[in-house]
Amino acid sequence: MAVVVVESPAKAKTINKYLGPGFTVLASFGHVRDLPAKDGSVDPEHDFTMKWEVASDSKKHIKAITDALQDDDTLILATDPDREGEAISWHLEQALEKKLKNKNVSRVTFNAITKTAIQEAMKHPRQVDAPLVEAYLARRALDYLVGFNLSPVLWRKLPGARSAGRVQSVCLRLIVEREMEVEAFRAREYWSVTADLKNPRGAEFSARLVSLGGKKLDRFDLATQAAAELAVDAVTKRDLSVQSVEAKPASRNPSAPFMTSTLQQEASRKFGMGAKQTMAAAQRLYEAGHITYMRTDGIDMAPEAVTQTRAEVEKRYGKEYVPAAPRLYKNKAKNAQEAHECIRPTDMAADPDSLRLSEVDQRRLYELIWKRTIACQMESARMERTTVEIGSKDGQVGLRATGQVVLFDGFLKVYEEGRDEEEGDEGRLPQLNQGEAVAKKQVTPEQHFTQPPPRYTEATLVKRMEELGIGRPSTYASIVTTIQERGYVKKDKNRLIPEDKGRLVTIFLTSYFGKYLEYDFTADLEEQLDDISAGSRDYKDVLARFWRDFSAALAETADLRITEVLEKIDEVLAPHLYPPREDGSDPRVCPTCGKGRLNLKTARSGGAFIGCTNYPECRYTRPLSGDEGDSELSGEGKLLGHDKGDAISLRSGRFGPYVQRGEVTAEQPKPPRSSLPKGWAPDEMDLEKAVSLLDLPRLIGQHPEDGVAVEAGIGRFGPYVKHGSTYANLPEVDEVFTIGMNRAVEVLAQKLARGPGRGAAAQPLKVLGDHPEGGPIQVMPGRYGPYVKWEKVNATLPKGVEPSEVTLEQALELIAAKAGAAPKGKKKAAPKAKAAAADGEAKPAKKPAAKKPAAKKPAAKKTTKKAAAEE
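Residue numbers for the sequence shown follow full-length UniProt numbering, beginning at 1 and rising by one.
I should point out that these hints are in silico values taken from the structure, not numbers from a laboratory.
From the three backbone atoms N, C-alpha and C, an ideal C-beta is built for every residue, glycine too.
It is possible that some hints are incorrect.
[What the hints assert, rightly or not] Label pairs and their calculated CB-CB ranges:
1. T49 - W155: 22 to 28 Å
2. K101 - K51: 21 to 27 Å
3. E229 - C593: 44 to 50 Å
4. V589 - D57: 56 to 62 Å
5. A280 - E416: 24 to 30 Å
6. P249 - G30: 51 to 57 Å
7. E732 - G645: 31 to 37 Å
8. E314 - K51: 57 to 63 Å
9. G318 - M50: 57 to 63 Å
10. G435 - E229: 26 to 32 Å
11. D686 - E813: 58 to 64 Å
12. V572 - E359: 44 to 50 Å
Using the sequences and the hints given, assemble the complete structure.
Listed below in structure tokens is the structure:
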């Protein structure tokens, strides 16, 4: 008998089917130990000792494994076949060390959860791979040392910054630098000329002007509309004929099978799935035994899988679609480890329809993987590309038409890879013969502008990280997710755009810790981790070299003042913050007062803005990324109209766009303002919307039960309705302006039925009146159902009794039965706290503490430190 441990219960369930009754398969539920989120968990002064702690949730899982080992003498660690999986097995060995005496412990790995793969793995047990574990330890130590030492520097020197990470911050730098390229970009105008033509047989086609005046046209040769119109005139006035027709054969080869990064990219392109969403669906497919391991940078396929795939292609599409020899693929990515196979179906005969997957994400992803794998072992697509040169007899005008014909579809019958950017497809041309004349139907000029480099999507960001050798397959999704959760980056129409906070953090880190944000440095560190996993480097030597330089860089920032940091950032960002003005005036002079100078400021929230040094006399502000020359919202803002004699304006401030009633005066230094809710676009604001925002919170009416006012408003956590001290969230912002009393009462009742939020006091469902002995009697919502409350007596309502139907008389009877007294008359004695605790929400009274415990550190700080340690 043996105990087999894997990470997840889903994986355990699948494996249990294949191993049979001689094995007990249990789940560790991921890592069972972690570094505590506090200082000292990695100690550079004592040979980088690492202090591990068993997570509270993991204790019950360890106990389950311990209990199973009482009857079994063999422990088989079957966690995932990568560094992280090896580390989980090592942690389990360490946590169970005392219980494993006289037990047989081994490690097995498999790349797919199939009966054959698992049974084969069981024949080749080994010990935990020490170099792989050491590579994991080095990565965890590096990430901890960066997170727990660099993040506090950010908190002190850059208000509002949350955390820094060894790879996270480098990834953020990519996005910020791309945004700066977009901002620095200046569009350049150019024109093209296209002619719609007909051959002698009446078939239509299009050709583009490529030469004029006997000279080949470059992209910017037609720079203005006037130049384009002259070109149109030149084409229109001349007779055209076919100068040459050239047809060339061409072919397209299929893409390699998926690895982690390409799967994430293709799922993003075709389905708009984020990296985290993609990996969650792939994890479930793997655990169910449908696909091979999904965290890999290998694109090789096992020989038996290649054979099965080729057989499936022949069976489904015919021999002509099977290439003469199997296709072999090699990874071109920097630092590829290729420790595993590609991501492929475990059974190529199991097409998407036969699996009948119910989850949409899993179904779409499996179909993508199956088609890509089938296509990778199919014949190339064969095409014919035709180029037709058309010109005038005098050689002054030349046009070109191109087209493509697919002669054999090959792998395109099954699958075609998506594209990150739109590309023009060449159409099919009609029959054209050299020397024959073509008629002009229309000649059209078209204006174009050069485009800035595209902002990253999750797909293109992962692709760039892979090219640079930053991160690993197991970390791509978490890195991309973390920078969004930190508020450093937002996603808009699938494009990643840096927030002000993320931009400031990047400039700070590149200014004072530039070495650690260099792409080559980060990639080199990844190579060193690979060397550790291969056993060719000592991981503590790597840590020592890193810490020596990093701790020195930390020391250099100890005496930095916040003003110095802002001045440095202001200097670096100056070309983007203060672009030249059209009138040639100094872009640093305040456009409102004309006296103060503009400079960078930060709020405690971490938001950045441009403000006037003449504050508070001048209250000019604009967003960090705003353009004062084009923005109507700067200074006095955009007037929307008047309401009740007050000017209603739309403005832009440090926290984004807002509406304001009136102006700043001595009598009214702080006029009413309201920020635009999330999702409201400034260009869609009008007077009606602005007034409705400024009138919040809105009185809905008096609650029908107690007459207390019920209001609707928008707060820190979004739209809400309020009754007394009870707040209930609304799903949509617009509902704040339309919600009526019936709907409000329903929402509030649902909130009370769910119970109070963390740290909030429960609100009564119904107030029945006063007890004869004094004090109110209330019906309260409870964790185990509603109950009647009077002082310290809590009496549960009988089953079937609705809280709204309880009368005062019924409540008195319940209280009397609970407290051991008659429903009327004097109490025998004060009800015991212990008796009261037997029902409802009350708890037994505790004896007073002999000594006041030491004050704990604020929880928020601890949480922040924990966040800082994350990659």
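When the hints from earlier in the document are held up against this structure, which numbers fail?
-> none
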